[in-house]
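Asks: One-letter residues, chain by chain:
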Amino acid sequence: MLYREAGQFKASYSADMAIFPIRQDRMALYGLLAFAFVGVPLLATLHVWPFDDDYLLRAILIPFLILALGAIGLNVLVGYCGQISLGAGAFMAIGAYGAYKFATGVHIPIPWPIPWPIRWPIRWRLDGPLGGPLDWLDVAITLPPLPVLSSILLGGLAAALVGVLFGIPSLRIKGLYLAVATLAAQFFFDWVFIRVKWFTNYTPSGSVAAPELNFFGLVVNSSVERYLLCLTFVMVFAFMVKNLVRGNIGRQWMAIRDMDIAAELMGIRPLYAKLTAFAVSSFVVGVAGALWAFVYLGAWEPLAFNIDRSFQLLFMVIIGGLGSILGSFLGAAFILILPILLDQVPYALGLPLSVETVSLTVYIVTGALICCLLIVEPRGFARLWSTAKEKLRLWPFPY
Amino acid sequence: MVAFGQFMEVLIGGLLAGVLYSLVALGFVLIFKASGVFNFAQGAMVLLAGLALVRALDFLVSHAMPMWSAVTLGLLFAAAVMAITAWLIERFALGPLVNQDALTLFMATIGVTFVLEGASQMLFGSDVYPLRLYPTDAWFLFEGTFPGGILVNQLDVLGGLIAGVLVAGLAAFFQWTKTGRALRAVADDHAAAQSVGIPIAWIWFVVWLVAGLVALVAATVWGTKLGVQFSITFLALKALPVLIIGGFTSVPGAIIGGLLIGAGEKLAEAYLGPYIGGGIEYWFAYVLALVVLLGRPQGLFGERIIERI
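First to last, the sequence lines map onto chains A and B. Following this note's numbering, the residues of the first sequence are numbered contiguously, the last one being 555. Following this note's numbering, the residues of the second sequence are numbered contiguously, the last one being 360.
Since the hints were made in silico from the structure, they are not lab data. As the structure is a prediction and not an experimental result, all values here were calculated from the model. One or more of the hints may lead you astray.
Some, not all, of what chain A presents toward chain B, calculated at C-beta under 8 Å [to be verified]:
{"hint": "1", "residue": "202"}
{"hint": "2", "residue": "331"}
{"hint": "3", "residue": "336"}
{"hint": "4", "residue": "337"}
{"hint": "5", "residue": "343"}
{"hint": "6", "residue": "344"}
{"hint": "7", "residue": "512"}
{"hint": "8", "residue": "520"}
{"hint": "9", "residue": "524"}
{"hint": "10", "residue": "540"}
Pairs of lysine-lysine, DSBU-like flavour, derived with a Cα cap of 35 Å [unchecked claim]:
{"hint": "11", "chain 1": "A", "residue 1": "166", "chain 2": "A", "residue 2": "398"}
{"hint": "12", "chain 1": "A", "residue 1": "166", "chain 2": "A", "residue 2": "547"}
{"hint": "13", "chain 1": "A", "residue 1": "547", "chain 2": "A", "residue 2": "398"}
{"hint": "14", "chain 1": "A", "residue 1": "166", "chain 2": "A", "residue 2": "545"}
{"hint": "15", "chain 1": "B", "residue 1": "276", "chain 2": "A", "residue 2": "353"}
{"hint": "16", "chain 1": "B", "residue 1": "229", "chain 2": "A", "residue 2": "330"}
Heads up, the beta-carbon is just placed ideally off N, CA and C, and yes, glycines get one too.
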């Protein structure tokens with residue numbers, strides 16, 4: 157069966173507007189999903205190569221899926237709405253710590269002064285903790301520990317709120333100035349999660365551990381279960397984001413990206429479009445952060461979400477292709493797996509190199525490859541992929 | 052009087068530290084002015100220049116060369132390294148990317164950063180190398196006026212003087228030389244500059260060379276202050292808020308921005324820090340920059356952003 161859409165007639169508008177209008181694409185996708193959801197866990201439980209030990213799942217597939225989710229989130233902002241952000245790591249951190257707080261119970265004490273006219277007539281009935289009269293009422297906002305799923309989603313929501321807050325400057329600041337301004341979020345939250353002990357529940361080391369991953373009675377523990385959990389999250393969010401960007405709001409984002417003044421003249425509200433982009437993007441990035449902390453790391457420190465993480469995500473988005481969901485996956489795979497592969501090369505070839513030399517070489521080769529890729533195809537892997545598909549449609553004929 | 056003396060000390064220390072930030076920010080401004088590239092690699096270039104200089108010095112001194120000639124040769128060697136780097140970057144990374152949009156160029160410079168960080172440490176070693184080019188003693192000023200006087204670091208003052216000379220020279224270069232004018236034309240529009248016969252490859256080489264030399268100057272000052280080591284690349288992140296306060300395109304803006312950031316940061320750390328927990332130096336500059344940008348989106352001295360449809 158050649159890759160052709162000839163003979164596939166669309167009988168309804170909805171068939172015409174499907175995400176994958178070509179049957180071969182659909183079948184390839186179903187095949188891939190079936191392999192990811194059924195094949196991989198099956199191979200892993202049967203210990204078939206390359207799944208004979210945990211390594212591939214634990215160290216490659218799980219981080220790949222989570223970072224791909226983060227890249228999808230960032231792509232909404234950078235790729236679809238054109239607002240460059242270097243603060244993705246901060247929003248991952250907010251998602252992670254937000255989810256952690258919700259999962260372990262929130263307690264915010266608000267000392268409430270009792271006004272004098274109330275306090276005075278009943279003063280002999282008020283007993284403070286120290287024996288004297290009580291001037292303060294100990295009011296506190298307290299939430300019981302929430303289930304993991306709602307914690308993760310609420311963590312994402314917290315990230316979305318902060319994202320909107322840090323998105324407000326984007327109404328005035330544009331381009332590279334905005335990119336540097338988003339670094340403010342990154343550095344500020346790095347500091348907050350180190351210094352404000354409330355977020356880490358006053359653990360002396362500042363490192364916190366994820367709660368048990370209990371989803372409606374199903375405890376997620378082994379690598380296969382963790383992998384399936386991440387896969388489900390990524391698929392749901394990828395599907396949601398894909399539909400968002402195809403719809404009204406996504407078109408507004410893209411209009412803003414292509415030329416914001418023209419979009420404004422056409423009646424698109426920049427305030428609404430930009431802030432929704434920040435909110436959706438931060439939400440997805442925040443959920444990715446919560447997963448990164450809960451599912452991949454298990455126990456983490458603020459350092460896990462520093463500026464390197466922001467750059468890593470931005471690289472994935474740009475190398476993968478701006479404004480492409482598929483590109484986010486390809487970019488995540490490239491940026492995550494390249495250093496791991498390069499690390500293995502000298503050992504595989506049996507070269508006697510020191511660890512330091514290897515890590516420096518990995519640096520150099522990664523940087524050089526990024527430059528090469530930008531020169532060869534500035535629009536990233538997604539563009540290469542679509543070019544390849546165009547070629548495949550004609551193959552084996554020249555035109 | 053004690054409090055005022057303390058305030059002056061913090062203020063002056065902050066201002067001088069700010070000048071040192073602007074030394075790094077200058078490199079950014081130069082490249083942005085002349086090629087529209089937001090050069091993230093400036094921090095890595097400072098590292099490379101510093102490592103080349105300090106290793107050459109160590110080598111020459113250990114071969115019994117007198118100090119002054121060792122310093123001259125070392126500086127020449129480091130300058131040559133920066134020239135080669137400039138040529139390589141122009142030829143292999145940015146030359147092929149003429150006429151791409153700003154974000155792509157920015158990412159390319161991050162790629163260059165990785166290569167430079169890896170290569171410089173592989174070639175010259177990755178330890179901490181102390182550099183002693185300038186005096187590092189402290190002066191005590193106004194000992195008559197304030198009890199204990201005001202402590203001022205000689206190195207910081209020297210760094211300030213160097214930055215001043217550098218800015219004057221660069222401003223003159225941009226304003227009055229033929230190459231400087233060509234640089235500004237290229238920044239405005241790559242294609243238009245090419246069409247009137249400006250050799251863009253040569254111009255970009257000159258720009259990256261000048262940025263490399265500014266990095267070398269910054270490296271001599273910062274290397275003396277901190278020792279030449281990997282963490283010197285984080286200066287790039289310190290210089291970014293300086294840059295956006297001053298405006299990406301303004302050389303004097305880089306200096307003024309540096310002064311504002313340096314003074315604001317140190318004063319905030321000294322007077323605000325105790326109340327909300329120390330270490331606010333870490334983000335204060337960025338939040339200050341954000342506030343300034345809200346008022347003036349192009350920075351204090353940046354060229355007005357004109358948008359057309």
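Asks: Does residue 166 of chain A pair with residue 545 of chain A here, judged by a C-alpha cut-off of 35 Å?
Replies: holds, 21 Å
Asks: Is the Cα-Cα distance between residue 229 of chain B and residue 330 of chain A 35 Å or less?
Replies: holds, 32 Å
Asks: Under the criterion of a CB-CB separation shorter than 8 Å, is residue 524 of chain A in contact with chain B as hinted?
Replies: With a closest approach of 6 Å, the residue 524 of chain A hint holds.
Asks: Please verify that hint: residue 336 of chain A, Cβ, nearest Cβ of chain B, below 8 Å or not.
Replies: Holds - the Cβ of residue 336 of chain A comes within 8 Å of chain B, reaching about 5 Å at its closest.
Asks: With chain B as the partner, please determine if residue 344 of chain A meets the hint condition of a C-beta pair closer than 8 Å.
Replies: The hint holds - residue 344 of chain A has a Cβ within 8 Å of chain B, the shortest such distance being about 4 Å.
Asks: Against chain B, is residue 343 of chain A within 8 Å by beta-carbon distance?
Replies: Holds, about 4 Å.
Asks: Given a cut of 8 Å on the nearest C-beta pair, is the interface hint for residue 202 of chain A held or broken against chain B?
Replies: violated, 40 Å
Asks: The hint names residue 337 of chain A as touching chain B; please verify it with the least Cβ-Cβ distance against 8 Å.
Replies: Constraint on residue 337 of chain A satisfied, holds at 5 Å.
Asks: Answer holds if the nearest beta-carbon of chain B is closer than 8 Å to that of residue 512 of chain A; otherwise answer violated.
Replies: Holds, because the Cβ-Cβ distance from residue 512 of chain A to chain B comes to roughly 7 Å (cut-off 8 Å).
Asks: Does the closest beta carbon of chain B sit nearer than 8 Å to the beta carbon of residue 331 of chain A?
Replies: holds, 7 Å
Asks: Has the given pair, residue 166 of chain A with residue 547 of chain A, been kept, meaning a C-alpha gap of at most 35 Å?
Replies: The hint holds at about 23 Å.
Asks: With the threshold set at 35 Å, check whether the alpha-carbon distance from residue 547 of chain A to residue 398 of chain A stays at or below it.
Replies: holds, 25 Å
Comparing the model with each earlier hint shows violations of hints 1, 10; every other hint is respected.
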